[in-house]
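**Q** Single-letter residue listing:
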Amino acid sequence: GDSVTQTEGPVTLSEGTSLTVNCSYETKQYPTLFWYVQYPGEGPQLLFKVPKANEKGSNRGFEATYNKEATSFHLQKASVQESDSAVYYCALSDLSGTYQRFGTGTKLQVVP
Amino acid sequence: GGIITQTPKFLIGQEGQKLTLKCQQNFNHDTMYWYRQDSGKGLRLIYYSITENDLQKGDLSEGYDASREKKSSFSLTVTSAQKNEMAVFLCASSIDWGSSYEQYFGPGTRLTVL
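Heads up: the protein sequence lines correspond to chains A and B, in order. Residue numbers for the first sequence follow my numbering, beginning at 1 and rising by one. Residue numbers for the second sequence follow my numbering, beginning at 1001 and rising by one.
This is chain A alone, in the form it adopts within the complex (with noise of 0.2 Å):
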C-alpha cells in the first residue's frame, strides 16, 4: 500500500539556520503531495500541496518540490525563526482517492 516516510525528530536547530526535513513516499500511482503543519495546542494546517511531478510548492518561506523519479518530497526553508517551531507532517494522496496518508511528523524547535 501507500507509505510516507519522514525525518525522524525531535530536529533542533538555532535561529537564522537553514532546514531540511526529508520526505519520502512509495506508491503505484500519481498521487498530490502535502505538507501540513501543527503549532503546539492546534489542529494540523494545510503549508502547501503540489498536485504535480517537477512543481514546487512554497508557502511563509517553505517550499519543496515533487521529485516523481527520486519518490521525495523535502521541505526546505532557508533561515527558520523561533516562531516555526511545530510539527511537520508529509502526506499524500491515499491510492483510493478518498483519503490522505500521513508520515509519523516532525518536531521542529528552533532556538534563539
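No wet-lab data here; the hints were simulated from the structure. One or more of the hints may lead you astray.
[To be verified] Straight-line Cα separation of at most 30 Å, DSSO-like style, residue types lysine-lysine; simulated pairs:
(1) A/LYS28 x B/LYS1041
(2) A/LYS77 x A/LYS52
(3) A/LYS68 x A/LYS107
(4) B/LYS1009 x B/LYS1071
(5) A/LYS107 x B/LYS1083
(6) B/LYS1057 x A/LYS107
(7) A/LYS28 x B/LYS1057
(8) A/LYS77 x B/LYS1041
(9) A/LYS107 x A/LYS28
(10) B/LYS1070 x B/LYS1018
(11) A/LYS52 x A/LYS28
(12) B/LYS1018 x B/LYS1057
(13) B/LYS1041 x B/LYS1057
(14) B/LYS1022 x B/LYS1071
(15) B/LYS1070 x B/LYS1022
(16) B/LYS1057 x B/LYS1022
(17) A/LYS107 x A/LYS52
(18) A/LYS68 x B/LYS1041
(19) B/LYS1009 x B/LYS1057
(20) A/LYS56 x B/LYS1041
(21) A/LYS107 x B/LYS1009
(22) B/LYS1057 x B/LYS1070
(23) A/LYS52 x B/LYS1041
(24) B/LYS1041 x B/LYS1009
(25) A/LYS107 x B/LYS1041
(26) B/LYS1083 x B/LYS1071
(27) A/LYS68 x A/LYS28
(28) A/LYS52 x B/LYS1057
(29) B/LYS1009 x B/LYS1070
(30) B/LYS1022 x B/LYS1083
(31) B/LYS1009 x B/LYS1022
(32) B/LYS1083 x B/LYS1041
(33) B/LYS1018 x B/LYS1083
(34) A/LYS56 x A/LYS28
(35) B/LYS1022 x A/LYS107
(36) B/LYS1018 x B/LYS1041
[As the list claims (entries may be wrong)] Among the chain B residues that face chain A by a calculated CB cut under 7 Å, a handful are:
(37) LYS1041
(38) GLY1042
(39) LEU1043
(40) LEU1045
For glycine and all other residues, C-beta sits at the position ideal for the given N, C-alpha and C.
Using the hints, position chain B against chain A.
**A** Relative to the frame of chain A, chain B by itself:
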C-alpha cells in the same frame, strides 16, 4: 471561513468504559474524518464519511464506532477504553471526498484512560 469544534477538549475514562467524542463543522463540507495521533506514529485514520449517513473504515477502525447523522457533525465512540491509553483524537473535514482536497482540522480531544 469556518471552524471545527471538538468536544470535550480533555476526556478521562476508566478501563472498559465506552467513550464518545464529538465533532462539529460549519464549513458545510461533505467529507469528515477521525484520526488518532500518537507520539512517533503520526496521524492514523480511524473512520471517514463522504456524506451524511455514510461511514468508511480507515486503517485503525477496530475498537471504534462512528456516526454521521448530520452533515455538520461526526461522532466517534471508543467501544472499550484500554488501560493506560493516551492519545489525541483529531477531527477533520474537506470540501469533497477527493483525496487531493485540503483537510481542515479541529484542535483535538486528548484522551487519558486510568
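**Q** All the hints need checking, so say for each whether the structure fits it.
**A** Results for each hint:
{"no.": "1", "hint": "A/LYS28 x B/LYS1041", "verdict": "holds, 23 Å"}
{"no.": "2", "hint": "A/LYS77 x A/LYS52", "verdict": "holds, 21 Å"}
{"no.": "3", "hint": "A/LYS68 x A/LYS107", "verdict": "holds, 25 Å"}
{"no.": "4", "hint": "B/LYS1009 x B/LYS1071", "verdict": "holds, 22 Å"}
{"no.": "5", "hint": "A/LYS107 x B/LYS1083", "verdict": "holds, 27 Å"}
{"no.": "6", "hint": "B/LYS1057 x A/LYS107", "verdict": "holds, 28 Å"}
{"no.": "7", "hint": "A/LYS28 x B/LYS1057", "verdict": "holds, 22 Å"}
{"no.": "8", "hint": "A/LYS77 x B/LYS1041", "verdict": "holds, 24 Å"}
{"no.": "9", "hint": "A/LYS107 x A/LYS28", "verdict": "holds, 28 Å"}
{"no.": "10", "hint": "B/LYS1070 x B/LYS1018", "verdict": "holds, 22 Å"}
{"no.": "11", "hint": "A/LYS52 x A/LYS28", "verdict": "holds, 15 Å"}
{"no.": "12", "hint": "B/LYS1018 x B/LYS1057", "verdict": "holds, 19 Å"}
{"no.": "13", "hint": "B/LYS1041 x B/LYS1057", "verdict": "holds, 19 Å"}
{"no.": "14", "hint": "B/LYS1022 x B/LYS1071", "verdict": "holds, 13 Å"}
{"no.": "15", "hint": "B/LYS1070 x B/LYS1022", "verdict": "holds, 12 Å"}
{"no.": "16", "hint": "B/LYS1057 x B/LYS1022", "verdict": "holds, 17 Å"}
{"no.": "17", "hint": "A/LYS107 x A/LYS52", "verdict": "holds, 27 Å"}
{"no.": "18", "hint": "A/LYS68 x B/LYS1041", "verdict": "holds, 25 Å"}
{"no.": "19", "hint": "B/LYS1009 x B/LYS1057", "verdict": "holds, 24 Å"}
{"no.": "20", "hint": "A/LYS56 x B/LYS1041", "verdict": "holds, 27 Å"}
{"no.": "21", "hint": "A/LYS107 x B/LYS1009", "verdict": "holds, 22 Å"}
{"no.": "22", "hint": "B/LYS1057 x B/LYS1070", "verdict": "holds, 18 Å"}
{"no.": "23", "hint": "A/LYS52 x B/LYS1041", "verdict": "holds, 27 Å"}
{"no.": "24", "hint": "B/LYS1041 x B/LYS1009", "verdict": "holds, 21 Å"}
{"no.": "25", "hint": "A/LYS107 x B/LYS1041", "verdict": "holds, 12 Å"}
{"no.": "26", "hint": "B/LYS1083 x B/LYS1071", "verdict": "violated, 33 Å"}
{"no.": "27", "hint": "A/LYS68 x A/LYS28", "verdict": "holds, 11 Å"}
{"no.": "28", "hint": "A/LYS52 x B/LYS1057", "verdict": "holds, 28 Å"}
{"no.": "29", "hint": "B/LYS1009 x B/LYS1070", "verdict": "holds, 21 Å"}
{"no.": "30", "hint": "B/LYS1022 x B/LYS1083", "verdict": "holds, 22 Å"}
{"no.": "31", "hint": "B/LYS1009 x B/LYS1022", "verdict": "holds, 10 Å"}
{"no.": "32", "hint": "B/LYS1083 x B/LYS1041", "verdict": "holds, 19 Å"}
{"no.": "33", "hint": "B/LYS1018 x B/LYS1083", "verdict": "holds, 12 Å"}
{"no.": "34", "hint": "A/LYS56 x A/LYS28", "verdict": "holds, 21 Å"}
{"no.": "35", "hint": "B/LYS1022 x A/LYS107", "verdict": "holds, 27 Å"}
{"no.": "36", "hint": "B/LYS1018 x B/LYS1041", "verdict": "holds, 24 Å"}
{"no.": "37", "hint": "LYS1041", "verdict": "holds, 6 Å"}
{"no.": "38", "hint": "GLY1042", "verdict": "holds, 4 Å"}
{"no.": "39", "hint": "LEU1043", "verdict": "holds, 4 Å"}
{"no.": "40", "hint": "LEU1045", "verdict": "holds, 6 Å"}
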